[in-house]
Amino acid sequence: GEQVEQLPSILRVQEGSSASINCTYENSASNYFPWYKQEPGENPKLIIDIRSNMERKQTQGLIVLLDKKAKRFSLHITDTQPGDSAMYFCAASARSGGNYKPTFGKGTSLVVHP
Amino acid sequence: DMKVTQMPRYLIKRMGENVLLECGQDMSHETMYWYRQDPGLGLQLIYISYDVDSNSEGDIPKGYRVSRKKREHFSLILDSAKTNQTSVYFCASSFSRADTEVFFGKGTRLTVV
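Chains as they are written, first to last, in the working numbering: chain G, 3 to 116; chain A, 27 to 139.
Warning: the hint list may mix true and false statements.
Stated by the list, open to error - Chain G is faced by these chain A residues, among others (derived, beta-carbon under 7 Å):
no. : residue
1   : GLY68
2   : TYR76
3   : VAL78
4   : GLU127
5   : GLY133
Worth flagging that the hints you see were computed from the coordinates, not collected in a lab.
For clarity, every value in this text was computed on a predicted model and none was experimentally measured.
Just so it is clear, CB atoms sit at the ideal spot from N, CA and C, and this is done for glycine as well.
Chain G on its own, in the form it takes in the complex:
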């Protein structure tokens, strides 16, 4: 199977600064790395993803980086706003026997202080 470690578990930043969340994975066959945002009382929703044929992807203030050699990927939120406060989950998806199974990290609680 796959193991995904996500750090930090809690991240507090000031509004306007950047926030970074890091994840590592074990299975070199993992090839899809999505990031989900979960607001309080809500369901997780995909915010950005990256595939193994890319090293960097950027959209709407979000940057994801993938280092396949180090088996590490990260989410960077630039110019954080109070609305970015939420739980963030990384995931790694690997193929096993013809099927894919995503494995999630334990999550990072991001708090953006005004």
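Once you have looked at the hints, place chain A on chain G.
Just chain A now, with coordinates in the frame of chain G:
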């Protein structure tokens, strides 16, 4: 509007009672999942279903079973619920067996007393 629907949203059961959590999706997704979410533990996969009657254990299947008789429905059953099964349960689905976005339902908060 594509969505995953879970019923009920809140449920209180006594220890030893049977629990049925229902999930439906309207996106014709082949793959469906059941996760539980507990503080500090993230999203733990209970079962994954790749199609009708094609179910596989996830990481924490003990104490649970599932049923998928139609592609759009996936049920989670707790036979004789235990207090440590108190949690928020999320059903999810994804398109085909490829590596794609997972769509989550709103969750069911189950309390076993």
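Now the hints, each set against the structure:
1. GLY68: holds (4 Å)
2. TYR76: holds (6 Å)
3. VAL78: It is violated, given that the least Cβ distance between VAL78(A) and chain G is near 15 Å, above 7 Å.
4. GLU127: It holds, given that the least Cβ distance between GLU127(A) and chain G is near 5 Å, below 7 Å.
5. GLY133: holds (6 Å)
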